[in-house]
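Sequences are here, hints too, so could you generate the full structure?
Now for the letters of each chain:
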Amino acid sequence: MTRRFSARELGGARAVILHREHTTVKALSRQLTAIGLRVTQQWPSLGAAALGADFVFFDADLGHDEQFPWARGQSPMPLIALIGSEAPGRIEWALTAGANAQLIKPIGDNGAYSALLIARAAYDEALALAAEVTDLRHRLSERQTVVQAVNFLMSEGADETAAFDRLRRMAMDWRVSFEVAAQRVVARHTGKRGSDERRNSRS
Amino acid sequence: MAKRQIELGVLYSRSGNYSLISEACRIGALGAIAHVNSDPSRDFTFHAIERDPMGNIDNYEPLCTDILTNTTARHVIGCITSWSRKEVIPSLERHGGTLWYTVPYEGFEASDRVVYTHACPNQHLLPLLDWAFPTYGKRAFLTGSNYIWGWEMNRIARETITGAGGTVLGERYLPIGSFDIERMIEEIEATRPDFILNSLIGPSQYRFISAYHELGQRDPHFRPETCPVMSCNLTECELPALGEAAEGLIAAGPYFRSDTYSSEHRNFGSSHEAMSYAAVMELARLLSLGANGETLSISALLEQDQTGTGIVDPQTHHTSLPVLIAQVENGEFVIRRRFAPVLGDPYLSRGKGVLQEIGPDLKVVS
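First to last, the sequence lines map onto chains L and H. Residue 31 in UniProt numbering is what sits at position 31 of the first sequence, and the numbering runs on without skipping anything. Residue 28 in UniProt numbering is what sits at position 28 of the second sequence, and the numbering runs on without skipping anything.
Just so you know, the hints here were simulated from the structure itself, not pulled from any lab data. Errors might be hidden in some of the hints.
To be verified - 27 angstroms max Cα-Cα, derived BS3-like pairs, lysine-lysine:
| hint | chain 1 | residue 1 | chain 2 | residue 2 |
| --- | --- | --- | --- | --- |
| 1 | L | Lys105 | H | Lys86 |
| 2 | L | Lys26 | H | Lys86 |
| 3 | L | Lys26 | L | Lys105 |
Given below as structure tokens:
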């Protein structure tokens, strides 16, 4: 997969640093400001204003789930962990908090720029993968509907291959997914049968 | 009263692939040191601590550390390649030193330990391409030496060219010092671009320009009128190595010798010399602002400066520079286009501002 980074997009982006007042914040702010970001520092927790940030840097040493105004792993922006203690428990927590990249403390003169680009790429990729998984899950759950639809079409006289092809053509004509086409076929037939049943029950 | 003496590191290679450039920078730096030392109004003199890395990348870090640990110098002027600059930054961080870097570079750096007094891409490459598109076309061939300068310059160029609807017909690199230019020339001949962006350095560049000049003799398309070679680091200091083949070369830079536009310009040999001179003069000014300036970090020096006359942006440590586009004509660079000074934007994140063009016969009234 090729990626094209455009640094120009970083100009004017907003970064929030969730870290107590410290030289870490000063050094990181200097780097981010030089890159062209607007920076604010917050502690001990992120306010609602942080929801509009483009990047959040968080302290992995003193951090805990309650600091974030979103469910664990559900951040609306890329997250970058600021790691001092490389204890496995802290790294594990930073990962479950949803870190897309990390910077090792003490923060010096560089590192922020690559962390921003890597975090954004990892975040975008995770988001795209999650969307794809949701789509695949949905299609999986519609397997039964597809089988039903093919059965209905076969009941109108087609063999299995022809029924399948017909369903595919319907999806193309209607410009919908295969699964949605199947839903419509099933709805049409169950609707018909439903009215038949009602008629039968009345007689 | 005897003046106090401030030691100043000078780290330029006096031999090797890019010695013409380092010699120009060294002349500028030593010229400014002499100027400072002869100024009776100053209460200090500079004493140059010179170290010569001889063009060997592995010598830079040890020699920089030597200057910072074995002398009282806190400021070092030097380094030509980005590679060497990146090598010395950890040493500067460890020992609290500052590097004054005075040559054009590819951007994407804003070290707290470095001051960048020459141009970065929003001050050379982007204005050069903007000017080249309507003048020659948007079909480009990119060349470079195999290290960060060429790679990053060509990445930015590719992004800009394709973004403007143009085409990159080829992109070729050579190891530093290599003379293996035949394949590049063959590809250029086959693809017939509108211009060539040249980020080769040293002898590879000299060989390439000479071979391209010969190609132009064989096929008129490859003459400067229809397919020029353009650079962002070529100055007068390398013209002697190019001879007649230099005719028609185009370069972007903050200063050219023939430019008589600003009367305050001394007669420098090249922008390499001019920006090195400017760096030492600015350091001298910052050190004159308060007592014991030589013990302060560069950030502290910049913070303490309330005069509003400084040339260094405290956020990025880059400077505001005019943008000139020039072409070699009878052995001298002649200005083709001039833009008002613009602040270096190393991460190209501050948006593409419109450069203010200044006509050749206009003067800025300040």
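How the hints compare with the structure:
no., hint, result
1, L/Lys105 to H/Lys86, "holds, 20 angstroms"
2, L/Lys26 to H/Lys86, "holds, 22 angstroms"
3, L/Lys26 to L/Lys105, "holds, 12 angstroms"
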